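Chain by chain, the residues:
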Amino acid sequence: MIKKTVLNASEACKDIKNGATIMLGGFGLCGIPENCIEALVNMKINRLICISNNAGVDDFGLGYLLKHKQIKKMISSYVGENEEFERQMLSGELEVDLIPQGSLAERCRAAGAGIPAFYTPAGFGTEVSEGKEVRAFNGKPHILETALNADFAIVKAWKGDTAGNLIYKGTARNFNPLMAMAGKITIAEVEELVAPGDLDPNQIHTPGIFVQRIFEGSNYEKRIEQRTINEK
Amino acid sequence: MGIDKIGIAKRIAQELKNGWYVNLGIGIPTLVANYIPKDINVEFQSENGILGMGPFPAEKNVDADLINAGKQTITALPGAVYFDSSMSFAMIRGKHVQLTVLGAMEVSENGDIANWKIPGKMVKGMGGAMDLVASAENIIVAMMHTNKKGESKLLENCSLPLTGVNCVKKIVTNLAVLNILPNGGFELLERAPGVTVEEIKYATKGKLIVNSSKIPEMQL
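So the protein lines, in turn, are chains R and W.
Just so you know, we're using this note's numbering here: the first sequence kicks off at 2 and counts up by one.
Just so you know, we're using this note's numbering here: the second sequence kicks off at 4 and counts up by one.
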């Protein structure tokens with residue numbers, strides 16, 4: 002079997018260099034690769050280009066990397082909830098590229114699927130369409146969006162096996178399977194790493210072919226951004 | 004003047020049709036789920052990746068891996084399904100979701116919507132709003148008729164950066180229910196209880212079309 006298992010996040014991330022383009026799975030703080038984010042902070046690498054739907058909060062998620070000024074550019078769809086992000090963006094320290102969420106997802110998927118570009122109606126007539134090719138299909142205008150590639154994709158799954166097969170839990174799936182397909186090197190951190198054959202092949206979300214490195218993470222905090230309770 | 008946010012949510016709930024899949028935005032739209040008529044069966048989609056979204060959880064059932072697009076903890080109803088973000092927006096752009104309800108800062112008389120960015124202020128991003136408005140068969144905007152300064156949010160042209168063009172079909176505000184006509188203009192369908200047509204005209208900066216001498220009151 003192809004060896005993919007690494008010891009921990011520092012080993013998985015050891016060859017990520019300054020200036021790398023990195024995709025990080027997650028929606029808000031749900032399904033983010035907590036262990037690898039911490040490893041990137043400890044490695045003190047900088048000028049990173051991060052592709053992730055959100056930018057975390059001030060002291061958690063990608064907010065950690067922002068706090069240590071390790072990110073040069075963020076490519077995201079929504080970046081609220083983070084004061085340090087706002088400060089760096091307004092001062093010009095941080096470049097930000099905002100992309101409609103569905104286009105961001107599809108651009109990751111397209112990269113992984115070998116499709117260089119696609120047309121979408123999302124963003125036509127808005128500033129998102131500025132400078133982009135427009136073409137009408139069935140009388141409706143669409144804009145051309147290109148695939149998004151990355152040197153590394155870092156994803157978080159619930160369970161994985163040593164062959165790199167992944168299963169996600171609940172809405173922690175979000176961008177993870179798409180980014181797993183798009184990374185030149187994909188690193189998966191999982192809550193539980195099992196032997197091949199222990200996962201039902203019928204239930205696997207990300208086939209192991211997309212994953213180059215895998216390890217069982219530890220000390221997951223799984224912080225909740227908006228704890229909303231039904232009082233009834 | 005007019006109805007409150009709950010009133011707006013109640014009125015929009017009357018628009019839901021049996022068998023529809025519905026995406027509710029953050030804010031007033033989220034409240035719509037509380038007022039679905041008993042004989043109507045719909046399923047809620049949240050674009051971060053769930054269909055069959057249920058109410059907020061009891062404290063003991065809170066699960067960090069189960070949230071909606073507003074990042075709030077939620078529950079999943081029997082028959083629910085989780086999926087990735089690409090699949091989620093396939094449902095949206097592919098018109099498998101029949102109705103989108105969302106808030107807005109401005110709507111123009113030809114159905115353009117602005118709801119994501121105010122120049123000079125911190126830009127948080129469009130999230131899924133541009134994908135949602137570009138494709139939905141039915142878009143209902145839930146908003147107050149005027150902004151905090153008392154200025155109309157129903158305009159000839161939007162002044163803020165757009166989220167989508169020619170897409171809004173219906174608006175429910177604290178004052179009125181309005182259709183956007185195919186050739187432009189806000190057609191007044193209903194008044195909020197106690198609100199006069201004159202008051203609605205005064206609060207609408209874009210072209211208001213009143214086709215009847217007797218505009219009915221909303222039934223809430």
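In case anyone wonders, no lab produced these hints; they're calculated from the structure.
Owing to the predicted nature of the structure, the values given are computational and were not obtained by experimental measurement.
Ideal Cβ positions, reconstructed from N, Cα and C, are used throughout, including at glycine.
Be careful, since some hints might not be right.
If you want the ones that stay clear, here's a sample from chain R, every Cβ over 12 Å from chain W, calculated [stated by the list, open to error]:
#1 3
#2 30
#3 48
#4 87
#5 99
#6 108
#7 113
#8 150
#9 196
Have a look at the derived ranges for each label pair, beta carbon to beta carbon [to be verified]:
#10 R:118 / W:219: 43 to 51 Å
#11 R:193 / W:124: 39 to 47 Å
#12 W:39 / R:145: 50 to 58 Å
Heads up, simulated EDC-like pairs for lysine to aspartate or glutamate below, C-alpha to C-alpha not over 16 Å straight-line [stated by the list, open to error]:
#13 W:127 / R:16
#14 W:20 / W:140
#15 W:124 / R:84
#16 W:120 / R:87
#17 W:120 / R:16
#18 R:170 / W:66
#19 W:127 / R:96
#20 W:151 / W:7
#21 W:127 / R:85
#22 W:127 / R:128
#23 W:127 / R:82
#24 R:223 / W:140
#25 R:68 / R:87
#26 R:160 / R:201
#27 R:223 / W:66
#28 W:127 / R:87
#29 R:185 / R:201
#30 W:63 / W:46
#31 W:127 / R:201
#32 W:120 / R:128
#33 R:141 / W:68
#34 R:45 / R:87
#35 R:160 / W:68
#36 R:160 / R:82
#37 W:124 / R:87
#38 W:127 / R:232
#39 W:63 / R:232
#40 W:124 / R:82
Here is how each hint holds up against the structure:
1. Every Cβ of chain W is farther than 12 Å from the Cβ of residue 3 of chain R; the closest lies at roughly 24 Å, confirming the non-interface assignment.
2. In this structure residue 30 of chain R is not separated from chain W by more than 12 Å, as the shortest Cβ-Cβ distance comes to only about 8 Å.
3. Its beta-carbon lying about 22 Å from the closest one in chain W, residue 48 of chain R satisfies the requirement of being farther than 12 Å from that chain.
4. Residue-level check failed: residue 87 of chain R sits 5 Å from the nearest beta carbon of chain W, not beyond 12 Å.
5. Under the 12 Å C-beta cut-off, the non-interface status given to residue 99 of chain R relative to chain W is violated; the minimum distance is some 5 Å.
6. The beta carbon of residue 108 of chain R is not kept farther than 12 Å from every beta carbon of chain W, the shortest such distance being approximately 10 Å.
7. Against chain W, the non-interface label of residue 113 of chain R is violated: not every CB pair exceeds 12 Å, the least being about 10 Å.
8. Non-interface status of residue 150 of chain R relative to chain W is upheld: no Cβ of that chain comes within 12 Å, the nearest being about 16 Å off.
9. The Cβ of residue 196 of chain R lies farther than 12 Å from every Cβ of chain W, with a closest approach of about 24 Å, so its non-interface assignment holds.
10. For the pair residue 118 of chain R and residue 219 of chain W, the supplied restraint of 43 to 51 Å holds, since their beta-carbon distance comes to about 50 Å.
11. For residue 193 of chain R and residue 124 of chain W, the hinted distance range of 39 to 47 Å is satisfied, since their beta carbons lie about 44 Å from each other.
12. At about 39 Å, the beta-carbon gap between residue 39 of chain W and residue 145 of chain R misses the expected band of 50 to 58 Å.
13. Distance hint between residue 127 of chain W and residue 16 of chain R is unfulfilled; the C-alpha atoms sit about 32 Å from each other, more than 16 Å.
14. Note on residue 20 of chain W and residue 140 of chain W: the hinted pairing holds, with a Cα-Cα distance of about 13 Å set against a maximum of 16 Å.
15. Pair hint residue 124 of chain W plus residue 84 of chain R holds up; C-alpha atoms about 13 Å apart against a cutoff of 16 Å.
16. As the CA atoms of residue 120 of chain W and residue 87 of chain R are separated by approximately 14 Å, the hinted pair is consistent with the 16 Å bound.
17. At most 16 Å may separate the alpha-carbon atoms for a hinted pair to count; residue 120 of chain W and residue 16 of chain R exceed this at roughly 38 Å.
18. Of the supplied pair hints, the one linking residue 170 of chain R and residue 66 of chain W holds, its CA atoms being roughly 10 Å apart against a limit of 16 Å.
19. Simply put, residue 127 of chain W and residue 96 of chain R have alpha-carbon atoms about 13 Å apart, close enough for the 16 Å limit, and the pair holds.
20. Distance restraint check for residue 151 of chain W and residue 7 of chain W: the Cα-Cα separation of roughly 14 Å lies within the 16 Å cut-off, and the hinted pair is therefore satisfied.
21. For a cut-off of 16 Å, the pair hint linking residue 127 of chain W to residue 85 of chain R stands: about 13 Å separates their Cα positions.
22. About 15 Å separates the Cα atoms of residue 127 of chain W and residue 128 of chain R, which keeps this hinted pair within 16 Å; it holds.
23. As the CA atoms of residue 127 of chain W and residue 82 of chain R are separated by approximately 8 Å, the hinted pair is consistent with the 16 Å bound.
24. The hinted pair formed by residue 223 of chain R and residue 140 of chain W fails the criterion: a straight-line CA distance of about 36 Å is larger than 16 Å.
25. This hinted pair checks out: residue 68 of chain R and residue 87 of chain R have alpha carbons roughly 11 Å apart, not beyond 16 Å.
26. In summary, the hint linking residue 160 of chain R to residue 201 of chain R is supported, as the alpha carbons are separated by about 11 Å, within the 16 Å threshold.
27. Of the supplied pair hints, the one linking residue 223 of chain R and residue 66 of chain W holds, its CA atoms being roughly 9 Å apart against a limit of 16 Å.
28. The suggested pairing of residue 127 of chain W with residue 87 of chain R holds, with an alpha-carbon distance near 9 Å, which does not exceed 16 Å.
29. Our distance criterion of 16 Å between C-alpha atoms is broken by residue 185 of chain R and residue 201 of chain R, whose separation comes to about 27 Å.
30. The suggested pairing of residue 63 of chain W with residue 46 of chain W is violated, with an alpha-carbon distance near 24 Å, which exceeds 16 Å.
31. Straight-line distance between C-alpha atoms of residue 127 of chain W and residue 201 of chain R comes to about 40 Å, which puts the hinted pair past the 16 Å bound.
32. Distance restraint check for residue 120 of chain W and residue 128 of chain R: the Cα-Cα separation of roughly 11 Å lies within the 16 Å cut-off, and the hinted pair is therefore satisfied.
33. Distance restraint check for residue 141 of chain R and residue 68 of chain W: the Cα-Cα separation of roughly 38 Å exceeds the 16 Å cut-off, and the hinted pair is therefore not satisfied.
34. Between residue 45 of chain R and residue 87 of chain R, the direct Cα distance comes to roughly 22 Å. Violation of the 16 Å bound is thereby established for this hinted pair.
35. Of the pairs offered as hints, the one joining residue 160 of chain R and residue 68 of chain W holds, with about 13 Å between alpha carbons and a cut-off of 16 Å not exceeded.
36. The suggested pairing of residue 160 of chain R with residue 82 of chain R is violated, with an alpha-carbon distance near 29 Å, which exceeds 16 Å.
37. Straight-line distance between C-alpha atoms of residue 124 of chain W and residue 87 of chain R comes to about 10 Å, which keeps the hinted pair within the 16 Å bound.
38. For the given pair, residue 127 of chain W sits about 30 Å from residue 232 of chain R by alpha-carbon distance, which is inconsistent with the 16 Å threshold.
39. As the CA atoms of residue 63 of chain W and residue 232 of chain R are separated by approximately 12 Å, the hinted pair is consistent with the 16 Å bound.
40. At most 16 Å may separate the alpha-carbon atoms for a hinted pair to count; residue 124 of chain W and residue 82 of chain R meet this at roughly 14 Å.
The structure fails hints 2, 4, 5, 6, 7, 12, 13, 17, 24, 29, 30, 31, 33, 34, 36, 38 (numbered hints given earlier, in ascending order).
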